[in-house]
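Let the sequences and hints guide you as you build the complete structure.
In order, the protein sequences belong to chains A and B.
Terminal number for the first sequence in full-length UniProt numbering: 378, no gaps in between.
Terminal number for the second sequence in full-length UniProt numbering: 638, no gaps in between.
Across the chosen pairs, the derived CB separations fall in these ranges:
no., chain 1, residue 1, chain 2, residue 2, range
1, B, Leu121, A, Glu264, 22 to 32 Å
2, A, Val289, B, Trp42, 15 to 25 Å
3, A, Val338, B, Arg239, 39 to 49 Å
It is worth saying that the hints were derived from the structure and are not from the lab.
Idealized CB from N, CA, C, for every residue including glycine.
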Amino acid sequence: MVEQWQRLYRRSRRHYQSLSWQTLHLDPWMLLALLTLVGGGLVVLYSAGGESGYLVESQALRFVAAFLVMMTIAQFSPRTLMRFAWLFYSLVTLMLLAVELIGTHAMGAQRWLTIPGVITFQPSELMKLAMPLTIAAFLARRTLPPGWLDIVVCFALMALPVALIAAQPDLGTAMLVSVSGVFVVLLAGLSWRFIALCGALGMAAMPLLWFNMHDYQRQRVMTFLNPESDPLGSGWNIIQSKTAIGSGGLYGKGWMQGTQSQLEFLPERHTDFIVAVLGEEFGLVGMLVLLLCYLVIIWRGLYMAGQAHDTFGKLLGGSLILTFFVYVFVNIGMVSGVLPVVGVPLPLVSYGGTASVTLLAGFGMLMAVYTHHKSSPR
Amino acid sequence: MRSGRDTLKDSEQQSRIFNRRSVLAAILVFVMLAGLGGRMVWLQIFQHETFITRSDRNRMRVEPLPPNRGLIFDRHHRVLAENRPTYNLTIVREQAGNVSRTIDRLVEILDLPPEQRELLLQRSRERLRSFEPALLLSDLTEKQIADISINRYRLPGVAVEAQLIRYYPQGEVMSHVLGYVGRISQQDQQRIDNSNYAGTHFIGKTGIERFYEEELHGRAGVRRVETNARGRALREIDRTPPQPGKDITLTIDADLQQLGYELLDGRRGAIVAIEPKTGAILAMVSSPGFDNNQFVTGIDTASYNALRNDVDMPLYDRAARGSYPPASTVKPYMASAGLEYGLITPSDTVYDPGYYQLPNDSRRYRNWLRWGHGRVDMHRAIEVSNDTYFFDLAHRMGIDRLSAFMQKYGFGHDYSLDVWGASAGLMPSREWKRERHGQIWFPGETLSVGIGQGYWLATPLQMATAVAVLANRGKWVRPHLAMQIGDESIAPPFENTPEDIQLDNDHWWDLIFQALEDVMTGSEGTGRASGRNLQYRMAGKSGTAQVFTLGQEEKYNAAELEERLHDHALFTAFAPVDDPQIAIAVVVENGGGGSRVAGPLARQMLDAWLLPEEHSSDEALEQMRHNENVAERIGGGD
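This is how it looks when you write it as structure tokens:
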């Protein structure tokens, strides 16, 4: 009797323990890192928004929604995600086509789809999720490493949506979407020979790309190569952001004390250039803390992907977390003047709703593939 | 399709590939993030100095704080130049919201002509930055200010702003003495320290305003302000307050100056009065004057051309720059030179048949009185202004000694201390003529110079200075306009004062003074019409400067000549003789006879200065007209 009780107790305790996070399908370490980043980001945003609580308030509300989305998605098993990948991909591609035909213009680009009175959103954001899902779903059913034919199919799957997004034109998102697809292929074991070949082809295609760019895109590249050539025009952003970061020094000027940020010299300071506010007000110390935070998230993400039960989960999780890294690198590289200006926000810190939701939805998938492996339904 | 074992094997292999690649990715991620960290170290540690400088330069703006210009007073502390607040109407677009509606209301409230609306709209857009005030209207009237105040709530962004503008209450009376300030021109910028004038709009252009520009202007202050990217000043970081310009008290007596201007009554001429003991210029009138207030805010082209093309040349400072032959007013100076050189004694006489002839020359140099004065000694020669006596003296003195001695009285030099743009006149000499005309000096020319004609030119200021030196018995004091600058008094001795004139016998001065007194009171005195009922001892000397050279036997006939060819009327005087308080020179261009036209003016000026306040200027004018009539009847000449 006692023995039975003890067994029951041990089982229920084990069950209870596993219930704590396993049954919730969440990873406590990742959650902690994400909340730290988001919390710190809101502090910087308060300063960047010129002491108006409005930005922080609306951003915080969006994060609440985004975290709910994350937790919801984490509940789906990888199999379910895989099953709906194709439908999702087709739907988003159709929406992208719709944008091309009836989308809303803003700031010289056609990116938004408006369902009158209901919602205005960018289908390209959804493609950031649909692309790795689909490629992973496709490759998970093939023998790996992928053969030539598989690779061709993968690139064909990528080509249409990327072309549609690039035509909006939204080079930043097009790049991120293709990168998320490519990462799946790379993680699936694309041969190094093929990678070298593509690299060489890419170099050769550079001039071709240059001649097909829009004037403003070329301008961005030129500005990147020599920002001082047009200090009041297109070089302004980079000069001012470098000035902000550099003048921050080791400890920074203090929260809300950054002259570059507070006196409005820094453009886009609550969106794409928010990291310059951090650099100015919190100095090198703040910067290193931020980079460390991202490193923890990415390493934990890679570990979680590696722990996934099946190939689909590994490929999807790995691609999502590496794409997240590309976000981080491109944004901070741009603001600190080592990469050209591309409209990529700093993930989970920059002000902006859609991107945060998409990103946290991605983390939801990552948690799904990490937590569902022991109890995969049969 | 596939066997379970295959799947398992596949899965293991796939896992291996994935793990290898993800470890590689983890390393790459670390390296690239570390690279970003390195970039931050580079920017924030190694280039920190560069960027902190750049960010400070971004945020700070240095704004000049212009000093208030010093005021100018007369010797009794009456204001001659002040800073008057004028009220301007400005609009700040950012605050106005709907600018065109606001301007519509403004037009309605101020009852402006409808065509002004477009102009105001245009002006409202003149400022690039929408938060900076744009000037809509300047120099508002009190009624306009009141109307705007009442309707302020209907006029968002509209404000009445005060600005200090130079104002000269006396206008044309003081115009040449004070000069005027105007907007700083490119030329002005060559001569000023631009940083000191960064916030200043006006600078002295002529006159006292120009001469004492540095003292009147003061030192500009600065303030550093923090600005945002659009240039709006957010807060002051620090400030160095400006040092206001110094107030200047002039030696001028505004009443005497006013009287002089009224006496000239719009005629072309000048009056300069000097206090002999101190060199203080009591009055320096140039007529006609101009309203120097017009020049402050910028005169319009039409008005400027009207002034410039006026045949009476109102812009011309006759007192300090006008060059006239000093004519017979130089005879006392000539007499002093003759005595000093030992060429004459007071009792020596010359017979005047009405003309003078050089040896071996048939040309007759005429005395002003055709039939001559008969036998004349020095006293009578001065009293009746005999020309023959001085022709003889000049001939015997020779041009070299004559020129040298007259220069001791200041002729040919500008010895004024602070009169802007004063002319040196012209004291001819043998060397001058060789250099200027490349010709030798003819003895006949010495004769003309001997009676203050020929090449000799002097300004009214020089004439007044010379008579002041005479009244001082040869003692020099440089004439000057400033009496006090800030706390510092301006008084002799001055630097570069010319050497005093010493006569061998000091009594000779008295003899000359006696002769000059008899000009006013003697039975034959040329100025006796102006010397009636004197209540003090006055020494005077008339002069009539020929503008038009007469032929040998021609008779000057004023009526037949064009007015502009009439002689210039001159008169110099000082009083009281035993203790000179005032020395004066009067020039009336084309006025005719000096004793008849200029003498009464000199007398009125002296009366006003020396007698107790019983003569108002109106009475003085009446008195003057009376005296002129008397002079007409007596028909005095030189």
